[in-house]
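Work out the full structure: start from the sequences and follow the hints.
Heads up: the sequence shown begins at 829 in our numbering, then just goes up one per residue.
Hints are computed from structural coordinates only; laboratory data are not their basis.
For clarity, every value in this text was computed on a predicted model and none was experimentally measured.
Just to be clear, a hint being listed does not mean it is correct.
Simulated pairs of lysine-lysine, DSS-like, Cα-Cα distance not exceeding 27 Å [unchecked claim]:
hint, residue 1, residue 2
1, 939, 957
2, 966, 898
3, 1011, 957
4, 1012, 966
5, 885, 966
6, 1012, 957
7, 930, 908
8, 930, 885
9, 930, 957
10, 966, 908
11, 1058, 898
12, 1058, 939
13, 885, 898
14, 957, 885
15, 939, 966
16, 930, 898
17, 1011, 966
18, 908, 1058
19, 898, 908
20, 908, 885
21, 1012, 1058
22, 957, 908
23, 939, 885
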Amino acid sequence: MTHQCNCYQGLDFGITMAFQPIINCQTQTIFAYEALVRGEQGEGAAVVLARVTEGNKYSFDQSCRIQAIKSMAALDQQAKVSINFMPNAIYNPRTCISRTLKAADQYGVDKDRIIFEVVESEQPISNGKLSEIFRVYKNQGFTTAIDDFGAGYSGLNLLTDMQPDIIKLDRHLVDRIDSDPYKKIVVRNTVNMLLELGITVLAEGVERREEYVYLREIGVALMQGYYFAKPALESLPSVPADCW
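Written as structure tokens, this is what we have:
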């Protein structure tokens, strides 16, 4: 009962959202925007996350979801939004998703516009529990994604256990990949494997045109990073035409 109360109370956590575009380099369009938590005065994520405790993580996770949906609804009625969630804050995926469903309905955001992503490098929970969360979310019509793939705990096990829709390659693998032969081998073969599994590949942390060109050449469709746009507080940044 304590968990249920925490999950439903104290949803005003004093946060706002910044948004960064995720681009589709094949269609030269914006695929989605990732919602990144910020303080009410624009404080960085680290400042906000420092306030998260074992006792309020349920409320924080719920608050982030609702704020991201509310903000996106006010900014764009068609774009997809990618929301980070805390798997350790979910005690029952069917119960804890109810607030998200109500917020999506309240603000007119279709479920197929919402992507839920979990960071692979976060403190692990059992793959069984994470698989259950993904299964419930996919059954509800949400898109699922694993962030920072290649930097975390479970690696390839996540692919077979959870079967996510999207994999976000860790930024360390992307950094200067155009000039690193070892990264080229690892990433090229990882991309081929993911595509064969029917999983969409997203490269994050793209900061240079050379990285963008190489990743596009090996079949990466989705990308995100400062090369295209930095996150913008409560607004949706555009991507300059010369980035393509």
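Hint-by-hint comparison with the structure:
1. The hinted pair formed by residue 939 and residue 957 meets the criterion: a straight-line CA distance of about 22 Å does not exceed 27 Å.
2. A hinted pair counts as satisfied when its Cα atoms are at most 27 Å apart, and residue 966 with residue 898 qualifies at roughly 21 Å.
3. About 32 Å separates the Cα atoms of residue 1011 and residue 957, which puts this hinted pair outside 27 Å; it is violated.
4. Straight-line distance between C-alpha atoms of residue 1012 and residue 966 comes to about 32 Å, which puts the hinted pair past the 27 Å bound.
5. Among the hinted pairs, residue 885 with residue 966 is consistent with the structure: their alpha-carbon atoms are about 23 Å apart, no more than 27 Å.
6. Between residue 1012 and residue 957 the CA atoms are separated by roughly 33 Å; this puts the pair beyond 27 Å, and the hint is violated.
7. Of the supplied pair hints, the one linking residue 930 and residue 908 holds, its CA atoms being roughly 17 Å apart against a limit of 27 Å.
8. For a cut-off of 27 Å, the pair hint linking residue 930 to residue 885 stands: about 20 Å separates their Cα positions.
9. Of the pairs offered as hints, the one joining residue 930 and residue 957 holds, with about 23 Å between alpha carbons and a cut-off of 27 Å not exceeded.
10. Proximity of residue 966 to residue 908 is assessed by CA-CA distance (about 15 Å); at most 27 Å being required, the pair is judged to hold.
11. Note on residue 1058 and residue 898: the hinted pairing holds, with a Cα-Cα distance of about 21 Å set against a maximum of 27 Å.
12. Simply put, residue 1058 and residue 939 have alpha-carbon atoms about 26 Å apart, close enough for the 27 Å limit, and the pair holds.
13. In summary, the hint linking residue 885 to residue 898 is supported, as the alpha carbons are separated by about 20 Å, within the 27 Å threshold.
14. As the CA atoms of residue 957 and residue 885 are separated by approximately 17 Å, the hinted pair is consistent with the 27 Å bound.
15. Between residue 939 and residue 966 the alpha-carbon distance is near 10 Å, which keeps this suggested pair within the 27 Å criterion.
16. Using a Cα cut-off of 27 Å, the hinted pair residue 930 and residue 898 holds, with the two alpha carbons roughly 11 Å apart.
17. Between residue 1011 and residue 966, the direct Cα distance comes to roughly 32 Å. Violation of the 27 Å bound is thereby established for this hinted pair.
18. Our distance criterion of 27 Å between C-alpha atoms is met by residue 908 and residue 1058, whose separation comes to about 18 Å.
19. Between residue 898 and residue 908 the CA atoms are separated by roughly 13 Å; this keeps the pair inside 27 Å, and the hint holds.
20. Under the criterion of a C-alpha separation no larger than 27 Å, the hint pairing residue 908 with residue 885 is consistent with the structure, at around 25 Å.
21. Note on residue 1012 and residue 1058: the hinted pairing holds, with a Cα-Cα distance of about 25 Å set against a maximum of 27 Å.
22. Between residue 957 and residue 908 the alpha-carbon distance is near 26 Å, which keeps this suggested pair within the 27 Å criterion.
23. A threshold of 27 Å between alpha carbons decides the hint, and for residue 939 with residue 885 the separation of about 24 Å falls inside it, so the pair holds.
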